[in-house]
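Here is how the chains run, residue by residue.
Protein chains: 2
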Amino acid sequence: MDVVQELVTSSDSKLVLLVMDGLGGLPHPQTGKTELETARTPNLDELAKRSSVGLQTPVAPGITPGSGPGHLGLFGLDPVRNLVGRGVLSALGVGIDLNPSDVACRVNFATKQNGVIVDRRAGRIPTEEGARLCQILERITLPGVEIIVRPEMQYRAVVVFRGEGLGADLSDTDPQKTGVPPLPVQARGTDAASQRTAALFNEFVRQADQLLAHEHPANTILLRGFDRLPHLPTFAERYGLKSAVIAVYPMYRGLARLVGMQVLDAGHEIEDEFETLERHWSEFDFFFLHVKPTDSSGEDGAFDRKVQVIETVDRLVPRLLALHPDVLAVTGDHSTPAALKAHSWHPVPILLSGRYVRVNPWVEKFGESDCARGALGFIHASDIMPLMLANGLRLQKFGA
Amino acid sequence: MDVVQELVTSSDSKLVLLVMDGLGGLPHPQTGKTELETARTPNLDELAKRSSVGLQTPVAPGITPGSGPGHLGLFGLDPVRNLVGRGVLSALGVGIDLNPSDVACRVNFATKQNGVIVDRRAGRIPTEEGARLCQILERITLPGVEIIVRPEMQYRAVVVFRGEGLGADLSDTDPQKTGVPPLPVQARGTDAASQRTAALFNEFVRQADQLLAHEHPANTILLRGFDRLPHLPTFAERYGLKSAVIAVYPMYRGLARLVGMQVLDAGHEIEDEFETLERHWSEFDFFFLHVKPTDSSGEDGAFDRKVQVIETVDRLVPRLLALHPDVLAVTGDHSTPAALKAHSWHPVPILLSGRYVRVNPWVEKFGESDCARGALGFIHASDIMPLMLANGLRLQKFGA
Chain D
1 MDVVQELVTS SDSKLVLLVM DGLGGLPHPQ TGKTELETAR TPNLDELAKR SSVGLQTPVA
61 PGITPGSGPG HLGLFGLDPV RNLVGRGVLS ALGVGIDLNP SDVACRVNFA TKQNGVIVDR
121 RAGRIPTEEG ARLCQILERI TLPGVEIIVR PEMQYRAVVV FRGEGLGADL SDTDPQKTGV
181 PPLPVQARGT DAASQRTAAL FNEFVRQADQ LLAHEHPANT ILLRGFDRLP HLPTFAERYG
241 LKSAVIAVYP MYRGLARLVG MQVLDAGHEI EDEFETLERH WSEFDFFFLH VKPTDSSGED
301 GAFDRKVQVI ETVDRLVPRL LALHPDVLAV TGDHSTPAAL KAHSWHPVPI LLSGRYVRVN
361 PWVEKFGESD CARGALGFIH ASDIMPLMLA NGLRLQKFGA
Chain H
1 MDVVQELVTS SDSKLVLLVM DGLGGLPHPQ TGKTELETAR TPNLDELAKR SSVGLQTPVA
61 PGITPGSGPG HLGLFGLDPV RNLVGRGVLS ALGVGIDLNP SDVACRVNFA TKQNGVIVDR
121 RAGRIPTEEG ARLCQILERI TLPGVEIIVR PEMQYRAVVV FRGEGLGADL SDTDPQKTGV
181 PPLPVQARGT DAASQRTAAL FNEFVRQADQ LLAHEHPANT ILLRGFDRLP HLPTFAERYG
241 LKSAVIAVYP MYRGLARLVG MQVLDAGHEI EDEFETLERH WSEFDFFFLH VKPTDSSGED
301 GAFDRKVQVI ETVDRLVPRL LALHPDVLAV TGDHSTPAAL KAHSWHPVPI LLSGRYVRVN
361 PWVEKFGESD CARGALGFIH ASDIMPLMLA NGLRLQKFGA
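For the protein sequence lines, the chains are D and H, in the order given.
Residues 1 to 400, numbered by the numbering used here, are exactly what the first sequence covers, in order.
Residues 1 to 400, numbered by the numbering used here, are exactly what the second sequence covers, in order.
No wet-lab data here; the hints were simulated from the structure.
It is possible that part of the hints are untrue.
Since the list gives no way to pick one copy over another, a pair counts as held whenever it fits inside one copy or between any two copies.
Pairs of lysine-lysine residues, derived as BS3-like cross-links and limited to a Cα-Cα distance of at most 30 Å, are as follows [as the list claims (entries may be wrong)]:
{"hint": "1", "residue 1": "K33", "residue 2": "K177"}
{"hint": "2", "residue 1": "K177", "residue 2": "K49"}
{"hint": "3", "residue 1": "K292", "residue 2": "K397"}
{"hint": "4", "residue 1": "K365", "residue 2": "K177"}
{"hint": "5", "residue 1": "K33", "residue 2": "K49"}
{"hint": "6", "residue 1": "K14", "residue 2": "K33"}
{"hint": "7", "residue 1": "K242", "residue 2": "K365"}
{"hint": "8", "residue 1": "K14", "residue 2": "K341"}
{"hint": "9", "residue 1": "K365", "residue 2": "K33"}
{"hint": "10", "residue 1": "K242", "residue 2": "K33"}
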């Protein structure tokens with residue numbers, strides 16, 4: 001919607017997008033209630049009545065989004081036309097200031113025996129161990145390329161090649177299963193830059209295997225998600241918003257940096273994030289506050305833990321409301337039902353609160369069933385930003 | 001969404017799309033209930049509670065679809081960008097193995113008096129009579145063209161011209177009303193192939209009039225819907241599905257063959273179709289089961305008969321459920337309200353059942369009013385296939 005950008009006008013309204021990652025769920029077989037419906041959420045329930053609630057589709061019906069597409073939709077971008085490679089997300093997440101010509105990829109430390117991968121995550125080594133191994137990999141040298149290696153969490157890391165004439169149209173070495181050898185990096189097309197870069201990455205893997213030969217269990221690496229920085233419009237350009245991200249996990253900070261959000265120190269716990277919000281309240285127009293453990297617990301199939309995370313957020317909601325945001329949206333980037341132990345395609349509950357929303361006093365609970373009958377109806381994720389702007393009186397009339 | 005094709009993964013889940021042609025209706029003036037709401041459908045009602053129900057729009061709001069666009073939408077294709085001429089549908093429906101260069105058109109046997117059409121359907125002659133007349137028309141010879149004439153039902157037939165250098169950009173001879181003469185076939189554009197083919201079809205009509213001169217009431221023919229075979233992606237290519245169609249009426253088999261479905265012997269009655277499903281259950285991933293008389297009764301304005309057809313289907317639903325499909329969608333290709341005696345633009349009730357759907361226990365009945373408040377919301381027909389695939393766990397995650 002380029003229309004939105006043309007209509008943006010200034011205002012001092014403050015907007016908050018509170019994202020509980022993987023919020024949407026599926027009913028528990030014994031109770032018929034989802035995680036969100038099971039959680040005791042008196043604050044969100046009371047707010048839901050005085051809000052417009054609905055269900056939002058992150059990408060398209062039936063499509064299960066990864067974290068990248070899920071968030072780009074929330075930021076008002078078309079997630080299909082703006083795919084971002086995993087390597088770029090990881091690099092931004094750990095704070096690497098990518099140049100447009102850099103090529104980034106995600107690294108898994110892994111275990112190889114007799115030439116085949118036996119563990120794609122090297123026994124989920126601790127984060128400190130991953131950091132030590134990254135320092136070893138930084139010893140690798142290649143002609144004409146600066147190599148940056150940084151640890152993420154546990155067995156995950158990121159590598160960036162910086163130099164002239166690199167290409168990013170490259171295939172993964174991760175075979176996505178065990179019992180088989182890793183794949184070579186290959187240029188997917190015919191461009192000479194990617195072919196040259198494929199050879200460089202293969203040499204990087206060869207040297208890594210030598211350096212890690214006596215490590216255990218992380219004696220090799222798997223590379224995937226090669227990409228470059230995409231050019232995305234920033235929140236300042238597109239919405240006229242001075243925006244900030246509060247997220248404990250690196251990737252979500254990385255996603256927000258892609259659209260120009262300033263990264264605030266989020267601390268480690270959900271409560272820390274709300275404190276950060278309070279501390280910086282006067283400095284920004286827009287806050288994206290990201291809560292991760294709803295998704296992690298869903299992916300673990302831990303229904304009750306997901307319920308508890310939602311209840312933790314609910315207890316913090318009054319502190320957010322005490323700041324008197326002009327517009328507050330509470331939603332997820334996708335559903336992660338504990339029943340599926342994975343992201344899913346199901347639409348995500350959304351609550352839109354503000355002085356000018358059409359309220360739905362018949363709603364009793366912030367949950368999937370009530371959201372299916374809410375005043376907001378069924379929307380697309382990319383509708384959320386225009387709705388937040390409009391409710392913050394930040395969009396002018398379209399046409400005469 | 002080409003995205004869907006990229007995400008398809010293998011599974012042994014079984015999907016069934018049960019289409020009651022023209023299912024949607026309008027309220028009876030005395031009861032305020034539609035055909036579907038009037039029908040006693042205990043099985044569908046019980047299923048609806050345990051499903052996600054909603055309303056689906058076949059083409060776009062306000063657009064009344066023909067059978068072609070209605071079904072292409074259900075098959076996940078854009079009905080506006082994939083128009084299929086009636087001639088092609090008819091030819092495929094009667095089992096003609098069209099070549100890409102063939103030109104097909106639909107034939108109506110009609111009655112002409114004093115040079116004007118007095119009955120566009122020749123008194124709806126019986127099917128056997130139509131078949132006899134087709135054999136007469138096969139005697140026609142034209143230079144450089146093989147002519148195939150086949151009967152459909154009653155007064156309907158299809159003619160295919162096979163040869164080199166034919167064009168299909170041709171206008172109908174059917175004036176769509178009585179009391180006027182038939183029109184000549186004309187090339188709509190300037191391409192020489194279509195101009196030459198127009199002359200050939202006009203000569204075909206001239207010879208047909210001679211051969212039928214002493215027949216009654218079918219003493220002439222009307223031609224319409226000239227077209228060639230479109231290239232559509234098959235269910236195997238696009239969805240990785242081994243698919244089959246069960247349909248009594250030729251055109252729907254033709255539509256399904258366009259997307260690569262295998263045609264099963266459907267028998268003559270609705271019950272036969274369910275028997276066919278049972279007999280072939282182990283052989284396919286996806287079944288498209290088409291029930292015609294909901295539409296025919298709607299077109300006749302026969303409210304009660306349409307109710308009865310729906311009740312017949314409802315009584316057969318337990319046999320379908322006994323096969324334990326992983327995903328079942330029940331819907332129509334468009335609405336055909338008895339009140340309008342015609343196809344209409346109204347959205348069509350849809351029920352989506354499967355282990356991972358968000359259920360709507362507040363729904364009491366499978367009907368238009370309850371579907372407007374269901375958990376599935378308002379979707380497009382082309383969303384149905386991605387949703388069925390997702391619920392059959394046949395789509396991978398999109399993006400990292």
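Here's how the hints hold up against the structure:
For the homomeric pair K33 and K177, neither the shortest alpha-carbon distance inside one copy (34 Å) nor that between copies (55 Å) is at most 30 Å. For the homomeric pair K177 and K49, neither the shortest alpha-carbon distance inside one copy (47 Å) nor that between copies (40 Å) is at most 30 Å. Taking CA atoms no more than 30 Å apart as the test, K292 paired with K397 passes between copies only; the shortest distance there is 18 Å, against 37 Å inside one copy. When the C-alpha separation of K365 and K177 is checked against a cutoff of 30 Å, the pair qualifies neither within a copy, at 42 Å, nor between copies, at 46 Å.
In this assembly of identical chains, K33 and K49 lie within 30 Å of each other by CA distance both inside one copy and across copies; the values are 19 Å within and 14 Å between. Proximity of K14 to K33 under the C-alpha cut-off of 30 Å is restricted to the inter-copy arrangement: shortest distance 27 Å between copies versus 34 Å within a copy. In this assembly of identical chains, the alpha carbons of K242 and K365 never lie at most 30 Å apart, being 33 Å within a copy and 43 Å across copies at closest. In this assembly of identical chains, the alpha carbons of K14 and K341 lie at most 30 Å apart only when taken from different copies (22 Å versus 35 Å within one copy).
In this assembly of identical chains, the alpha carbons of K365 and K33 lie at most 30 Å apart whether taken from the same copy (12 Å) or from different copies (21 Å). For the homomeric pair K242 and K33, neither the shortest alpha-carbon distance inside one copy (39 Å) nor that between copies (35 Å) is at most 30 Å.
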